[in-house]
Amino acid sequence: MPYKKVTKKNLEKRYSKGFTLIELLLSISLLAISVGISSDIIVTLVRTYTKAQVFNDTEQVAGFIFQKLQNDVKGSVEATSLNGNTLNLTKKDGTTITYVLSTGLNPQLTRDTGSGAIALIDSASSVGGISITCDSLCFEVINSNPAIVKINFIFSQSSGAGLFNTTLQMEDAFVVRGTY
Numbered sequence: 002m003p004y005k006k007v008t009k010k011n012l013e014k015r016y017s018k019g020f021t022l023i024e025l026l027l028s029i030s031l032l033a034i035s036v037g038i039s040s041d042i043i044v045t046l047v048r049t050y051t052k053a054q055v056f057n058d059t060e061q062v063a064g065f066i067f068q069k070l071q072n073d074v075k076g077s078v079e080a081t082s083l084n085g086n087t088l089n090l091t092k093k094d095g096t097t098i099t100y101v102l103s104t105g106l107n108p109q110l111t112r113d114t115g116s117g118a119i120a121l122i123d124s125a126s127s128v129g130g131i132s133i134t135c136d137s138l139c140f141e142v143i144n145s146n147p148a149i150v151k152i153n154f155i156f157s158q159s160s161g162a163g164l165f166n167t168t169l170q171m172e173d174a175f176v177v178r179g180t181y
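In our numbering, the protein residues as written are 2 to 181.
It is worth saying that the hints were derived from the structure and are not from the lab.
Heads up, a few of these hints could be off.
To be verified - With a cut-off of at most 20 angstroms between alpha-carbon atoms, the simulated EDC-like pairs for lysine to aspartate or glutamate come out as follows: (1) 92 - 141; (2) 92 - 113; (3) 93 - 73; (4) 75 - 172; (5) 151 - 136; (6) 151 - 73; (7) 52 - 41; (8) 93 - 113; (9) 151 - 141; (10) 92 - 79; (11) 92 - 73; (12) 69 - 58; (13) 69 - 173; (14) 69 - 172; (15) 75 - 94; (16) 151 - 172; (17) 75 - 141; (18) 69 - 141; (19) 69 - 113; (20) 75 - 173; (21) 151 - 173; (22) 69 - 79; (23) 69 - 94; (24) 93 - 79; (25) 151 - 79; (26) 75 - 113.
Computed from a predicted structure; not experimentally measured.
Using the sequences and the hints given, assemble the complete structure.
This is the structure:
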């Protein structure tokens, strides 16, 4: 078997025929590996975003509730808590605001200014709604002069959150400014 002399023309002729089977398999393998890694990264990013969104939704609702309570408590002249789930606030003009946390299957926080109770938070309002509960006393008046109202709530995903359930416990105390 005679050997051909390696020349530039012979090399160009040999490599101009196309890809070899090994080159093709190697390129397909590298493509499959990069697609697999990319898909894992995308799935991780989507899960992280979803988990952060669930936590942010819970935190946003909790912040709204606490801001509303803080404004009403600070603008009151009297505060009374009947059973730990009800808070009565009397304003300077004599109007009464009542907050009630109902317990049971569908816990609901309502605010009543005398013209009908409005649900501030309702766990059945949508899939993945925010549920509100408390350990023992939701509202507690812990001092009389000045009156200090201690508020303790636990916010969590009520249903439909799947793997990304979150729980946020918030506890704070507000001074009734009309009592000092």
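**Message:** Taking the earlier hints as the rules, which of them does this structure contradict?
**Reply:** Going through the list in order, the structure violates no hint and respects every one.
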